Amino acid sequence: MRTGTFIQAGVLGAVLVGACAAPPPPTPPPVPADTTAYGPLPETGRMLELRLAEAEESAERGAAVPASRLASLRMTRSAAVLIEEGSVERALALLERALAIDGSTGFPYLYIGYIHLQAGRTVQARTFIERGAALMPLYPPLENELQALRLAARVEDAAVRRTP
Amino acid sequence: MSEDSPEPPLPASAPEEPRPAGARPARWTRRLLTFALLAVPPLLAGVVLWGWFLYAAIDRTLTEKFAGQRWDFPSKVWSDAYSLYPGLEAGEGLIRRLDRRGYRGVRDEPDDHGEYRVLELPPAVEIHLEPFLYPTHRERGRRIRLELDSSGRMRRIRSLDDGSDVYDAALEPVLLTGLHGSLREDRREMSLGEVPVPLVRAVILVEDRRFFEHHGFDPRGFARAMLANLRAMGVRQGGSTLTQQLMKNFFLSEDRTVGRKLREAAMAIVAERRFDKGEILEAYMNEIYLGQRHSVGVHGMWEAARFYFGREPRELTLGQIATLAGMIRAPNYYSPHTKPERALARRDVVLDVLYSTGEIDARTLAAARAETLGAVRPPPPPPGASHFIDFVREELADRYSSDVLTSQGYSIFTTLALERQIAAQRAVSEGLARLERDYAHLAEAGEARLEAALVAINPRTGAIVAMVGGRSYRDSQYNRVVEARRQPGSVFKPIVYLAAIGRERLGDVHYGPMSIVVDEPFEWEYDGKVWAPQNYERKFYGDVTIADALANSLNVATARVARDVGIERVRDLAVRLGVDPALPAYPAIALGGWEMSPLDVARVYSVFANAGLAAQLIAVSKVVDREGRTVEGHSVEIRRVISADDAYLMTSLLEGVVERGTARSLRAHGFHRSAAGKTGTTNENNDAWFAGYTPDLLTVVWVGFDRGAHLGLTGAAAALPIWADFMRAALDERPASTFTVPRGILFADVDPQSGGLAVSGCRHVVRQAFLEGEEPVTRCGLH
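Those protein sequence lines, which keep their order, are chains S and U.
Just so you know, we're using our numbering here: the first sequence kicks off at 1 and counts up by one.
Just so you know, we're using our numbering here: the second sequence kicks off at 1001 and counts up by one.
Think of the hints as simulated: they come from the structure by calculation, not from any bench.
Be a bit skeptical, because a hint or two may be false.
Here chain U is said to cover these stretches of chain S; the calculated rule only asks that three of the stretch's residues, wherever they fall, bring their Cβ under 8 Å from a Cβ of chain U [said to hold, decoys possible]:
(1) 45-57
(2) 71-82
(3) 121-134
Far from chain S, by Cβ distances over 12 Å, these chain U residues were calculated [said to hold, decoys possible]:
(4) ASP1080
(5) ARG1153
(6) ARG1460
(7) ARG1734
Note that the structure is a prediction, hence the values are computed from the model and not measured.
Every residue gets a Cβ at the ideal spot worked out from N, C-alpha and C, and that includes glycine.
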């Protein structure tokens, strides 16, 4: 056996060993298709309830809470309920109204992105999800959900592109 | 007597003896009888044949009319709805909005749709919303209570029915216009089942009591009417049945001639053979003319019920039903709007008829007579938004023919915010008048008249909320927002600076907001030519920061930055931001030497205002057919153009323009909200621009002459005041908001002169935004 061949075999073997030893890539959590008490996006919905409760409490105490933000959050929550009930078109109209009133939180963007994702409009879904994610607080469970949304948008997009 | 002898002369004729009985008829009678036997049958056959053809022709005409779409339904163009939420101002502005929609102030709790009342203690406004069919749902007309705080802003919105909080309340869209064909008629078709039975009975009793007994033409009724007319020596009664009236309205003229009456009768007879009484009655209820709304006829009971009483037919009281039935004979003579006394008297006549025929009892009669007329104010004429409507029409013309738009009864929902449109028109009108008053040369520019254009959009959604294409649509339908191509001047400069300071760092230069650029004359050689840009009033400022160069709109410094970045890269960035790809790459574009429309400028600036995202500009949000099905819909569409960090950086620089730069007079015009913007003045001072935005609204204003006459005013002097007036009014009822700071932005207090971190000796200190990692680290070297 020639030396060169022996070296190549050794390198190949080392690569194979390394591949077996490396940890598997993390499996992204699936995008929840069923609904929960917090609507179609559980972590986002949980965060929305939290933010809304904080804002309402502050407003009750007389703190200066931007009224448009409060209104936008409430509309977004109503829209999440509509999505759960299957009134997606109405939810989208309400979310766009929420966005028109205030764009300082990511919640309207995320739910709009979710609707676009469900409808197969992946390019728009990605843009809205990215924008929404940029405005959301850094919170691991929420991050997982957002990552799942991003990946779902890319997978859908790839599937569409593969379709002849 | 021989054969040749002449015949003996005839004896003179003797008088004829009378013909004895039973003898044969005379020759002429025989001829007549023969003629009759030979000719009459064919004549009769001819008459029958002709009659049959005539019948068939009428039948065919009627069938075509009734089988297809019987009427043309104009499409209706609607404004956007007005969202109600806590934080909005609820004083005079809200009342004006309600008035504009035809709402009526009442003292007691608003029981009827379209009513409201204002309470003092505790302060509140109660509204009974109008029912409205939105594209996505039906608003059934809820009763809501807006609880106010001491400053007159909404604190909470609750349902009057169950006390629950309401978060999705809105005032319904306003009808801007109808797209009518040659027949200017408004109607909404309804089935016979939707017509209240008392209304059907009242119409029949008043107009055609024997409707169910005759077959289209009523000889008895006709004879009675003729007798009445003879006695009165004039036309007092028509004697036409409902069927005849329907035929006249569908097919014939208003001429009072025998010929027309005969045709009408013939058609009515054929119609009754072809269609049953229900179909004829239903068509009648939808066809009948019942008044005038400005230049448009009100047809059909549904439209009339809404027009006169603000109700759907099923909600009408007996008195209102009697009023409508009584109006048929002469709608404008008995109009509840203009002739209430006559309308009341005629109503009572109809009520008496209902009572005398046993339709109602005495108690019901008394109750109905005691009702007030109940007419609502005629709705105000739709506000002028003519340039915007033209814009919508042109957009729709790509997809729908004029025939479809004027006959299919689509509802076209637009993004126009009605009150903002009114504010825009007022700002333009008053702004131009003020300029002509303050600068005499503007009013004396020969045939040319000073003009302006204003367009306002929501940068997050791309919705066009106001559009004014010129000072007077009546004088000129030219829409300067879309069609005017003018040099933007300094309004283009932010694109140059974005190319230099953004994260992408187009080119080899590395600028930040506090980087120093030299504002001294220089020559730019390009394509074998030499260009020497000049500053306004030929003043030069030496070493200046990027922020100051933009704030003070220094031409030379800007040209230097554009040369350093590379004009091709500036051009490419401009196209990405939405400028026409035909934009050439030559140096003068850095100072706005290329033509754009105000809408183009709005498109570019919307990217800065919307965190680097370009929202597709939309004027039509939905088109819905008469059955409520969506024909087309446009959701918010966004695409990433630049990073949110770069967009915020640009916004902070443009805030500097407002705070201390060429737009600093904005505060003196009474506008105190967070705002970013750029003035623009072209070289010859022929165009004045201001493009500016808050977090919620972006507006571009242009002022100048159409034919390029000399304006002689800067953007700050001519366009900015109009912008300020409009934005103050447009945002008046909304709570204040601030620009959202993205994560990749840091702030530092710097000396604007040196660009270094501020020290105690610095007299002027600015809180400047920087991209993370690019904030200055050295202190001010000047103090």
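request  = Compare the structure with the hints numbered earlier in the document and write down the numbers of the violated ones, lowest to highest.
outcome  = 1, 4, 5, 6 and 7
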